[in-house]
Each structure stands twice: as C-alpha cells, then as structure tokens.
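Enquirer: For reference, the chains in residue letters:
2 protein chains.
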Amino acid sequence: MEPDFPITRIKGGVGAPQGFLTSAISCGIKNPAVERLDLALIHSELPCTSAGTFTTNRVKAAPVKMTQAHIRKGDLRTIIANSGNANACTGMQGIHDSRAMADGVAELLGLKRTEVGVCSTGVIGLPMPMMRISPRLGELVGALEPGRGPDVARAIMTSDTRPKELAISFDLGGTRVRLGGCVKGAGMICPSMSTMLCFITTDAAIPRESLRLAVLEAVEESFNRITIDGDTSTNDTVLVLANGASGIKPVRRNGPRCRQFRKALRWLMLELAKAVVRDGERVTKFVHVKVRGARTYLDAKKVAEAVCKSALVKASWNGGDPNWGRVLHAVGYSRAAIREELIDILYNGTPACVGGLQAETPMDKLRDIAALPEFEIEIRLNQGSAEYDMYSSDFSPEYIDFNRSEYAYWKQARKDGLV
Amino acid sequence: MEPDFPITRIKGGVGAPQGFLTSAISCGIKNPAVERLDLALIHSELPCTSAGTFTTNRVKAAPVKMTQAHIRKGDLRTIIANSGNANACTGMQGIHDSRAMADGVAELLGLKRTEVGVCSTGVIGLPMPMMRISPRLGELVGALEPGRGPDVARAIMTSDTRPKELAISFDLGGTRVRLGGCVKGAGMICPSMSTMLCFITTDAAIPRESLRLAVLEAVEESFNRITIDGDTSTNDTVLVLANGASGIKPVRRNGPRCRQFRKALRWLMLELAKAVVRDGERVTKFVHVKVRGARTYLDAKKVAEAVCKSALVKASWNGGDPNWGRVLHAVGYSRAAIREELIDILYNGTPACVGGLQAETPMDKLRDIAALPEFEIEIRLNQGSAEYDMYSSDFSPEYIDFNRSEYAYWKQARKDGLV
Chain U
1 MEPDFPITRI KGGVGAPQGF LTSAISCGIK NPAVERLDLA LIHSELPCTS
51 AGTFTTNRVK AAPVKMTQAH IRKGDLRTII ANSGNANACT GMQGIHDSRA
101 MADGVAELLG LKRTEVGVCS TGVIGLPMPM MRISPRLGEL VGALEPGRGP
151 DVARAIMTSD TRPKELAISF DLGGTRVRLG GCVKGAGMIC PSMSTMLCFI
201 TTDAAIPRES LRLAVLEAVE ESFNRITIDG DTSTNDTVLV LANGASGIKP
251 VRRNGPRCRQ FRKALRWLML ELAKAVVRDG ERVTKFVHVK VRGARTYLDA
301 KKVAEAVCKS ALVKASWNGG DPNWGRVLHA VGYSRAAIRE ELIDILYNGT
351 PACVGGLQAE TPMDKLRDIA ALPEFEIEIR LNQGSAEYDM YSSDFSPEYI
401 DFNRSEYAYW KQARKDGLV
Chain V
1 MEPDFPITRI KGGVGAPQGF LTSAISCGIK NPAVERLDLA LIHSELPCTS
51 AGTFTTNRVK AAPVKMTQAH IRKGDLRTII ANSGNANACT GMQGIHDSRA
101 MADGVAELLG LKRTEVGVCS TGVIGLPMPM MRISPRLGEL VGALEPGRGP
151 DVARAIMTSD TRPKELAISF DLGGTRVRLG GCVKGAGMIC PSMSTMLCFI
201 TTDAAIPRES LRLAVLEAVE ESFNRITIDG DTSTNDTVLV LANGASGIKP
251 VRRNGPRCRQ FRKALRWLML ELAKAVVRDG ERVTKFVHVK VRGARTYLDA
301 KKVAEAVCKS ALVKASWNGG DPNWGRVLHA VGYSRAAIRE ELIDILYNGT
351 PACVGGLQAE TPMDKLRDIA ALPEFEIEIR LNQGSAEYDM YSSDFSPEYI
401 DFNRSEYAYW KQARKDGLV
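In order, the protein sequences belong to chains U and V.
Note that the working numbering numbers the first sequence so that position 399 is 399, with each residue one more than the last.
Note that the working numbering numbers the second sequence so that position 73 is 73, with each residue one more than the last.
Among the clues, some could well be false.
[Unchecked claim] Pairs of lysine-lysine, DSSO-like flavour, derived with a Cα cap of 30 Å: (1) U:K365 x V:K415; (2) U:K290 x U:K365; (3) V:K290 x U:K65.
Worth flagging that the hints you see were computed from the coordinates, not collected in a lab.
From just these sequences and the hints, can you work out the full model?
Expert: If you want it as structure tokens, here you go:
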C-alpha cells in the first residue's frame, strides 16, 4: 500500500537524492575471469546523519563488527561495499582487511575512518582477495559522480538475478525531498535481518535519533518479515544516510514531517524487501501470508513464521498445490495458542478451510489460485484481533541444486594463494 | 553403541516377543487400484502395561486425541494402525471414525474400547475411507497369528522405501526376554516427535510407572533427536506394550533389572530412529552432529538443532561439500551463547575449522569425507562440558519434487465420494 500522500517514482536508486555521489568498478572479486561490477561506493558531499541495523547472527562478518562500531561512535558519510566475498569467519585478518578498505577510502576522501561503513557479501570462510581491491580504491573514488546509483545496485549482486532499486520524491512540508534505495538478496534470507545488504539515501534532513527510530521501525515491518530459506546470514546490513541536501530544515522529532518521512521510509523498505523475495534463489512463487485474529501479536508472528518457513508448505507452493492441510499443520506446531476448530484458511479470499475442515470451495478453483506466480494466504485464527503479515517464497528443487557446493570458490582461493 | 550387556538380534519385529499376535491386510486405503498392506493389528494375548508419547503439534489427528485419552485411563492391549490416510483435520467425523475402528476391534476381541490404540498415517485433511475399513475388521482380527511382525512394519509404510524393524532378546535377571519394534517415517520429521509411528512390544513385565518413565527417557534420546525436514506432524505416536509373557516376575522400580531394561529400550529406539533418518524422503546422506563443550545442555541442543535444520547446511551435505562456513553460520544464529573464535569443527575427527578459522587440513581430504553416505560433524564450542547429539539428513532436490503436490489424493477422495 502506497503512503497516504502523493509520491513520484524517480530514477537513480541511491544516487537519486541530491548531494550523493556513487561509483562502481569491476575488480574480479566475484570471478577474476569475468568482468562484473563488484566494488561500489556511495558518498555524500555533505555530512550526514545515519542509522543502521545489523544481523542478529552471533557469528558476524568482520565488516559488520567494524561498521557497527563506527555507527555507534558517530555518523557515516560514505559506504564501500563489495560482492563475491563476505569476509566472514576470517578472524583478525578479516578485521584488518575491512579496516584497510575503510582507511583507503577515508584517506582518499579526507574523512575519518569512522565515517566510512564497509559491507561485504558473498562466500564465507575465505580471506578477502585484497590484492585485487587495495590497488583499485583510487580508481573507485575517482569515478564518483552523480547518477550512478544503478551501478551500485548491480555491484552488490551475488546470486541475485536482477538489480533491485527504487527511488521516490515527495513534498515534505513544502520542500521536495528524495529517498532512494537499493538491496541485494538472495539466499540465507530469514527474519531478524535477511542475508542482504540494503543502502538508503535521502536528501531530507533527519536528526540522528529520529532517523534511528525510523529505521528500526521500518526494518521491523519489512526486512524482518521476509524469508526465503530460513537461514540468517553473517552479513546482513541496512544503512541509511540522510544529508539534508534538499535544503529542507531538519524535521522536528515526532512532528508531522517526521511522521511523513517515516511512512515513506517504511513503504520504500517494504517494497525493497518484497523485491528480495521475488528475486530469491530459484524462486517461482511470491506468497503473502496474512495472519488475522490472533490472541496476541507474538502468537500471530509465530504462526506466520512457522507457515512461511515450513519446507513442506513451501514445497506445495512450488507444486501449485492449495494444500491447506500442510498450512494448518504448520500453524499447529508454531507454539502459538491456537484452536484447530476455529481456524479458517483462505487463498486470495476464497475459503479452503473453514473451522479446521475442508471448505466447500471446489478444489480446482483453489488450484487455479495456487498456480498464480503471486497469491495471498489468509489464516484467520478467530481468537482475538492481533495480526501479522509476512512474505515468503516457494522452495524449489533448483534452490538445492544451486546451493549444493561452493567448492569452486575454494579452488579459486587456492589459485590466488589465499588458502 | 550397543548396551553394555549381551544382546541377540532375533527376527520378527513387534511379533517377536512371546504372547503377541499380529496381522496385516490390504484394504485399498493407500490406493484402491494397487494391492498394498495398509491396515495392521498388534494384539497381546495377556493384559499389558503400556506407555505412549504423542506429537506436540496442537493440531492433533483424531486417533492421536483418542489414543491419548485411552492411555490416560488405563493400559492398551491392542493397536490398530492404518497407512494412506492420517485422519487429521477431519473434525468430529474423524473422531467418530477412529472410535469406529477401536469399537470394531474391541468387540471382535472382547475388550473395552479403551484397551485399543488407533494410529493413522498418510494424507491429512481428507475423511477416512471407512467403507474400505469397517467391512474388513473381522478379516483383520481373524488373521491374527504369531510371527507376522514384518507385515505390520510393511503395512504402516507411507513414503518409506523399506520396512524398518528390529528385535532383540537378552537375559534379564535370569529370564530370557524379548523386545521388538517397528517404525515408519519418512517426511514431516522433526524433533519433538517426528512424523512417525513406532510400536514396541516386550514380553518383560514392567510396571506401568516404570514403563512410562523408560519410554519418556528413550524417546527424548532417540526420536526427539532426529530431523529430516523440520516439520512436526499431526500424528506422531510411539506406543509400547509390555505383557510379561516371558514368565519373568515384574521388575522392581529403579532396580538393576529396570535399569537394564531401560538401556535396552533406549538402544532399540535409537536404532529405529536412525533407521527413519536413513530412509527419509529422498535422502542421500546420514549425518551425526555432535555438539561438545557447550556451557549448558540447552545451548548444545540449540546449536545441534540449528545446524541439523539449516536448509543451506543440508543442501551442502547433498552436494558432498565440506562447507564448515555454513555450519558455523548456523551455530551463530542458533541463539546459543557461543564465541566464534573458540569454535572447532571436525568432519569424522578431521579438523575443518579451528578457532573459527579454516583449518590447515587440505580441502580435498575433507571433501572425501563429505562424499561418504554417512559421516559425523563434531562442533566443539570449547566453553563448557555440555553435549548433545543429533541425527540428520541432507535435503535433496528430489525431496521437493516428491512433495510438490498431494492433489492426486484429493482426486481419489472425490472419486470415492468423500469430498
């Protein structure tokens, strides 16, 4: 649902807001033999306020630990991101390599190291091929210019099949402001921060505390509500930079402009989060699971997560099978307080199960719905008024085929003399 | 590991202990067009003590609810089980059908209804085809004879590829006793009772309270430690009958003979549980995950469960990839208190990861281990002395192919006039 005020979609992703420069180059981190963008830079010409959220995995990649520390100390102004190597499970060497990336960029741009965020995504457990990165930082910084946002979206892709970005402009108390973002998926996607990187820029002026609250709230209602394979990654990061370059005067905490900005941010993040599910690894279905009538918010969430993560439910989605029995069995083991005999299950509004029993709807009609590439399943618990929405995908045989082995990465690392 | 006293493997499964009669017939519940055993009966000539554990899913099949009530009231002496239809999500009609099965058997055998346990496994959400079952109960009871245990193991199979049974005899304080069991899997397998039925018989004499404790303990260390697809079913049931027909005098609670019986029961159940994993749907690997050095038992369990249920870890097992990075990332999101830099990961005793970093073992050597059909992964947290063992399988593309659709069952039910 779009915000309740006019927005205009504009081009340029993270490069769309004023005062942001971007660049991306191909360093051979993904694969030395193939020319693909894999190192990106986002830089604000003006100081920013910033906010971030990070993976809840206790095994955190080196760049996550470092960037978390930077953002605790003050505000970021620049983000360097690479794909092809996650710099996770790499110990002190990993921290050293992340620092080298931040230091290199900070020196070239005349910043403090703590103003630079570093994000990495890709294979875990292998050292960063710094010999391919360090010599190219000058070129990366030199290539900074307005309007290269789409290249950033492309440079952070790993198993993603397409770049995912979105930018809008809207009127904020009389001043036109812009909000742009890009995101990458596409495996290790699970609530509590998906395996993903998401960068968002805005030329609105948002005080730090307001921005941090807005980001927490928006992440909770977007990236924490998607799942592809139920695995929470080591590298998930959302970073938001606000530079005020639109000329707007800073929004007042909890004032009407602040609330309006929060709505726009929530909507943008949810659109990006849905784009991650739609482009999930070997995904063929996008399913919106709506839980209604739960006794508590937590019960509603438990039910949604159990259904969205069940291998058997996801296999039936892959088969276009309106298998409400599997949905109900996942509701049953969710640990929520449910009563089987009260539950209704609807596919795109058509009842498949009423009061825990098969509805009278002809199965062929339900089958036509489950054959669609996108559909909704509404689970009415009929016990209260709490709700939860989640977005999930099917589980395909091709997903497993795709994820059977990362041995090729290890062989390349050996060729590079890294292991 | 076998018990620390001599046991002899014998033939006959649940029919091996003295005083148990068994039978199985083909009623066309699985598929009217194909002759396959799908209705089985186990009956003790003498009164029994009995114990059972049941699914933790809040959506319980009708026979589970009824059998739970029966065993709360007293002891079972007879079990009737069918495959092909789980009688789950079938409301009052389901309860009525389960009662009809128990009543029919009780009347023919001159028992009270509460002495009969009913178990069903198969498709959920469709009414039981009672017109195929009720007229055949006389034949089923009439066919009771010693030594048909293997037919019972076959009659409870659904997606299982082979019958799974085991029987042993051993000396219990001077008297030879027998212990036999059979089990079926093979999908919806997850800790907290797998999607499975398991029946165990013994001609030892075990007082009810001792038997119930022994069964709780054995299930906790066997069936609650396996997973195939992470889905907890609506029908999981373990039933154990002890009839004392060996002539032994009842064991004393917590006495040496009671402890010895518990050891034998634990071993038998663990063997049957492992057999379920090895015969899991489209499974190609059997992996024993050993967590060592956890601060608490609960932490060890969380780590084992996260690793054994991770779709990405299981996909790498399918690919024979010794991907310790994915194992470590699952340890990280397990919510256990772990410290990345302390963790070692070994494949069949060979280090893959030491202190959170890649070990010096050549990757090709680890790859040879991960290529085996069965191997062990030991995760040393190095923070304490708590341990947990779990048994899991890979996730194969064929598993998803196999589970894409149950539409054919629905079509058959329509042909039968049931929906």
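Enquirer: Determine for every hint whether it applies to the structure shown.
Expert: These are the hints, each one checked on the structure:
1. A hinted pair counts as satisfied when its Cα atoms are at most 30 Å apart, and U:K365 with V:K415 qualifies at roughly 17 Å.
2. Our distance criterion of 30 Å between C-alpha atoms is met by U:K290 and U:K365, whose separation comes to about 20 Å.
3. For the hint pairing V:K290 with U:K65, the CA-to-CA distance comes to about 29 Å; that is within 30 Å, so the pair holds.
Violated hints are absent here; each numbered hint is respected by the structure.
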